[in-house]
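As you go down the protein sequences, you meet chains F and W in turn. Take the first sequence: its position 346, counting from 1, is numbered 346 in the working numbering, and each next residue is one higher. Take the second sequence: its position 93, counting from 1, is numbered 93 in the working numbering, and each next residue is one higher.
The hints are simulated quantities; they were obtained by calculation from the structure and are not laboratory data. Heads up, a few of these hints could be off.
[Stated by the list, open to error] Chain F is faced by these chain W residues, among others (derived, beta-carbon under 8 Å):
hint, residue
1, Ala30
2, Ser31
3, Val40
4, Ala44
5, Ser62
6, Pro69
[Claimed, not checked] Derived lysine to any residue pairs resembling SDA-like cross-links, with alpha carbons at most 20 Å apart:
hint, chain 1, residue 1, chain 2, residue 2
7, W, Lys39, F, Pro11
8, W, Lys39, F, Gln153
9, F, Lys363, W, Ile73
10, F, Lys372, W, Glu72
11, F, Lys363, W, Ser8
12, F, Lys363, W, Ala48
13, W, Lys39, F, Ala10
14, F, Lys363, W, Tyr46
15, F, Lys297, F, Asp277
16, F, Lys297, W, Lys39
17, F, Lys363, W, Arg45
18, W, Lys39, F, His191
19, W, Lys39, F, Val13
20, F, Lys297, W, Ile73
21, W, Lys7, F, Arg298
22, W, Lys39, F, Val189
23, F, Lys297, W, Thr64
24, F, Lys297, W, Ala18
25, F, Lys297, W, Pro9
26, F, Lys297, W, Pro65
27, F, Lys363, W, Gly53
28, W, Lys39, F, Asp157
29, F, Lys297, W, Ser8
30, F, Lys363, W, Gly47
31, W, Lys39, F, Glu12
32, F, Lys363, W, Ala49
33, F, Lys363, W, Arg87
34, F, Lys297, W, Glu72
35, F, Lys363, W, Glu54
36, F, Lys363, W, Ala18
37, F, Lys372, W, Ile73
38, F, Lys363, W, Glu72
39, F, Lys168, F, Lys297
40, F, Lys297, W, Asp63
A quick note: this is a predicted structure, and the numbers were derived from the prediction, not measured. Backbone N, C-alpha and C fix where the C-beta goes; we use that ideal spot for every residue, glycine too.
Here's the letter readout for the chains.
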Amino acid sequence: MTGRERVIEAPEVLVQGNVAVAEAAIAVGCRFFGGYPITPSSEIMVRMAELLRAGDGVFIQMEDELASICAVIGASWSGAKSMTATSGPGLSLMQEALGYAYFTETPLVLVDIQRAGPATGQATHVGQGDMMQFRYGSHGDVFPVALVPWSVQECYDLTIRAFNLSEKFRIPVFLAADEAVGHLRENVVLHRNFEVVDRVKKGAGDPFGSPLRDGVPVMPSFGDGGHLMVTGSTHDARGFRKVDDPEIHDALVTRLMRKTLDHVDEIVEIEEHMLDDAEVAFFAYGVSARSALAAVKRLRSKGVKAGLLRALTIWPFPEKQVTQLGAKVKAIVVPELNKGMIAGVARGFTGTPVHAFTQTNGKIIEPERLVKFVEELP
Amino acid sequence: MNNTMSKSPVQVRIGGEAGQGVILAGVMLASAAMEDGRKVAQSARYGAAVRGGEATADLVISDTPIDYPHVEIPDILVVFSQQTYDRFAPPRTEDTKVFYDPFFVTPSKTSGGSLREISATEMAIERFGKSTSSNLIVLGFIAQLTGVVSEASLNAAIEQNLPSRHRAVGLEALAMGKKAALEVGG
Numbered sequence: 001m002t003g004r005e006r007v008i009e010a011p012e013v014l015v016q017g018n019v020a021v022a023e024a025a026i027a028v029g030c031r032f033f034g035g036y037p038i039t040p041s042s043e044i045m046v047r048m049a050e051l052l053r054a055g056d057g058v059f060i061q062m063e064d065e066l067a068s069i070c071a072v073i074g075a076s077w078s079g080a081k082s083m084t085a086t087s088g089p090g091l092s093l094m095q096e097a098l099g100y101a102y103f104t105e106t107p108l109v110l111v112d113i114q115r116a117g118p119a120t121g122q123a124t125h126v127g128q129g130d131m132m133q134f135r136y137g138s139h140g141d142v143f144p145v146a147l148v149p150w151s152v153q154e155c156y157d158l159t160i161r162a163f164n165l166s167e168k169f170r171i172p173v174f175l176a177a178d179e180a181v182g183h184l185r186e187n188v189v190l191h192r193n194f195e196v197v198d199r200v201k202k203g204a205g206d207p208f209g210s211p212l213r214d215g216v217p218v219m220p221s222f223g224d225g226g227h228l229m230v231t232g233s234t235h236d237a238r239g240f241r242k243v244d245d246p247e248i249h250d251a252l253v254t255r256l257m258r259k260t261l262d263h264v265d266e267i268v269e270i271e272e273h274m275l276d277d278a279e280v281a282f283f284a285y286g287v288s289a290r291s292a293l294a295a296v297k298r299l300r301s302k303g304v305k306a307g308l309l310r311a312l313t314i315w316p317f318p319e320k321q322v323t324q325l326g327a328k329v330k331a332i333v334v335p336e337l338n339k340g341m342i343a344g345v346a347r348g349f350t351g352t353p354v355h356a357f358t359q360t361n362g363k364i365i366e367p368e369r370l371v372k373f374v375e376e377l378p
Numbered sequence: 001m002n003n004t005m006s007k008s009p010v011q012v013r014i015g016g017e018a019g020q021g022v023i024l025a026g027v028m029l030a031s032a033a034m035e036d037g038r039k040v041a042q043s044a045r046y047g048a049a050v051r052g053g054e055a056t057a058d059l060v061i062s063d064t065p066i067d068y069p070h071v072e073i074p075d076i077l078v079v080f081s082q083q084t085y086d087r088f089a090p091p092r093t094e095d096t097k098v099f100y101d102p103f104f105v106t107p108s109k110t111s112g113g114s115l116r117e118i119s120a121t122e123m124a125i126e127r128f129g130k131s132t133s134s135n136l137i138v139l140g141f142i143a144q145l146t147g148v149v150s151e152a153s154l155n156a157a158i159e160q161n162l163p164s165r166h167r168a169v170g171l172e173a174l175a176m177g178k179k180a181a182l183e184v185g186g
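Starting from the given sequences, assemble the full structure and let the hints guide the process.
See the structure below:
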């Protein structure tokens, strides 16, 4: 696999966040893209078409979003690291098969460049309104992983991480980006200085069973020579349907939960800015965290002890970190481009007042608005 | 006008209608600033239509990592439409340097900031028979008058961002803008 344990100096280039996602996917070994274009994600699809056509991969423009995610699932079971990209309306359409991907333990990466919703909303303008769809879009108990980039560099780095987590835990992973970051152009280094994680294809055990409570089974591919059955119905370790056995169902649902929740410390990434002596803190993610960081610096220059806790992983939720933050500061402000989705979650993990700063006008939050909001806090 | 643009960060906004090359101008300027060794954050705001409707390109140039990636108060405002002039000028600060194309914009007497006109559309039509390189004429003009990016980097941006068949015209358009700036003086 390209790049493993090698450090290659790469020059700084000016690319869009969406293009950085595609470059990262190819760099980490993605060789299949099935998708249906939608603003503001389409540049990912265009760049994947160029890169896969020039290399040894497969690109298919499917007839719609449901077909796209299904093609990605099929490609993953044929052994290819696979990805699709969409925006909120497309993510809604993909939900049916996403649950199937989760329950069949299919590694894939789904990039969502969030726009102002609900419904078709404002196609060219930014939103962060899919945060709950990542978590609860599927029926049944699912415990997804969603990573949130705040810069073009992180569009690159977190796409790589999304693939690695997906391969390691055999789960679909979301890159929960937004229009502002996807369409931003910044200095970025498309480096090859990263570890590449590949699924374990052969070894002891069956493709859907593990003796460990949080175990990740081996994942053979179609065409490897063995009998392989993949079903969205409850199945035993070998993949046989078991739709009447209460113990098998409970054990499967529980193991899939444990795969994510027993590895929260590994999966959750956060970043702290000026929190040491902070009395008021922002808890933020994605492009809104950049507004928050700018506001923190301005508040500090006015003598207000402000800080920022930034989530690079929003699901599983950084519960422990929010609890610790609440123990440290007098107030938490959650700025986001929706009506307070993550603020509501944060309230569940601290008794400290959590104030939602919400903005749903298709624009990112001007730092001065956050400065004023903090200055007027009770 | 002095070369005050060694300041950091510098905020540039280019406004016009979709199809006028506003966003390409923003990308070219970002590309040049990066070539100068600086950090950039370039973004655009536009509607769902392919042609027509308001389009703006924002660019923040800095010597340190950029927190907020959009423009708050522009140091340089370039407008190719009356609509964007009316929306963004008079700016909230008088320090903004406003550049406008009189083919599209009639400035109001009350606007703040320093005003400079550049007849880029007329110049482009006269020289090339069409208006499509007017955005590059303006870039040559503002680069010369503000020093926001170096001439060498702007020329390099042409090489990096335009297909080869358009490069000769692109370089000539930049040179026309520079010449116009030297004639009006800083």
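Taking the hints in turn, this is what the structure says about them:
1. Ala30: holds, 6 Å
2. Ser31: holds, 5 Å
3. Val40: holds, 6 Å
4. Ala44: holds, 7 Å
5. Ser62: violated, 10 Å
6. Pro69: Hint on Pro69 (chain W): holds, closest Cβ of chain F at ~6 Å, below 8 Å.
7. W:Lys39 to F:Pro11: This hinted pair holds, its Cα atoms lying about 14 Å apart.
8. W:Lys39 to F:Gln153: The hint holds at about 12 Å.
9. F:Lys363 to W:Ile73: Holds, at about 15 Å.
10. F:Lys372 to W:Glu72: holds, 15 Å
11. F:Lys363 to W:Ser8: violated, 24 Å
12. F:Lys363 to W:Ala48: holds, 15 Å
13. W:Lys39 to F:Ala10: At roughly 17 Å apart (the allowed maximum being 20 Å), Ala10 (chain F) and Lys39 (chain W) satisfy the hint.
14. F:Lys363 to W:Tyr46: At roughly 12 Å apart (the allowed maximum being 20 Å), Tyr46 (chain W) and Lys363 (chain F) satisfy the hint.
15. F:Lys297 to F:Asp277: Holds, at about 14 Å.
16. F:Lys297 to W:Lys39: Measuring from Cα to Cα gives roughly 19 Å; hence the hint holds.
17. F:Lys363 to W:Arg45: holds, 9 Å
18. W:Lys39 to F:His191: OK: Lys39 (chain W) and His191 (chain F) at ~18 Å, within 20 Å.
19. W:Lys39 to F:Val13: Status holds; Cα separation ~11 Å.
20. F:Lys297 to W:Ile73: holds, 17 Å
21. W:Lys7 to F:Arg298: Between Lys7 (chain W) and Arg298 (chain F) the Cα gap is close to 18 Å, so the pair holds against 20 Å.
22. W:Lys39 to F:Val189: holds, 12 Å
23. F:Lys297 to W:Thr64: The given pair, whose Cα atoms are some 14 Å apart, holds under the 20 Å limit.
24. F:Lys297 to W:Ala18: Given pair Lys297 (chain F), Ala18 (chain W) is violated - Cα atoms ~35 Å apart, limit 20 Å.
25. F:Lys297 to W:Pro9: holds, 15 Å
26. F:Lys297 to W:Pro65: Cα-Cα ~13 Å, so holds.
27. F:Lys363 to W:Gly53: Between Lys363 (chain F) and Gly53 (chain W) the Cα gap is close to 17 Å, so the pair holds against 20 Å.
28. W:Lys39 to F:Asp157: holds, 18 Å
29. F:Lys297 to W:Ser8: holds, 16 Å
30. F:Lys363 to W:Gly47: Holds - the C-alpha atoms of Gly47 (chain W) and Lys363 (chain F) are around 13 Å apart, at most 20 Å.
31. W:Lys39 to F:Glu12: holds, 10 Å
32. F:Lys363 to W:Ala49: With a Cα-Cα distance of about 18 Å, the restraint between Lys363 (chain F) and Ala49 (chain W) holds, given a limit of 20 Å.
33. F:Lys363 to W:Arg87: At roughly 16 Å apart (the allowed maximum being 20 Å), Arg87 (chain W) and Lys363 (chain F) satisfy the hint.
34. F:Lys297 to W:Glu72: holds, 16 Å
35. F:Lys363 to W:Glu54: holds, 15 Å
36. F:Lys363 to W:Ala18: holds, 19 Å
37. F:Lys372 to W:Ile73: holds, 17 Å
38. F:Lys363 to W:Glu72: holds, 12 Å
39. F:Lys168 to F:Lys297: Given that 20 Å is the threshold and the Cα spacing comes to 38 Å, the pair is violated.
40. F:Lys297 to W:Asp63: holds, 17 Å
Violated hints, in rising order: 5, 11, 24, 39; the structure is consistent with all others.
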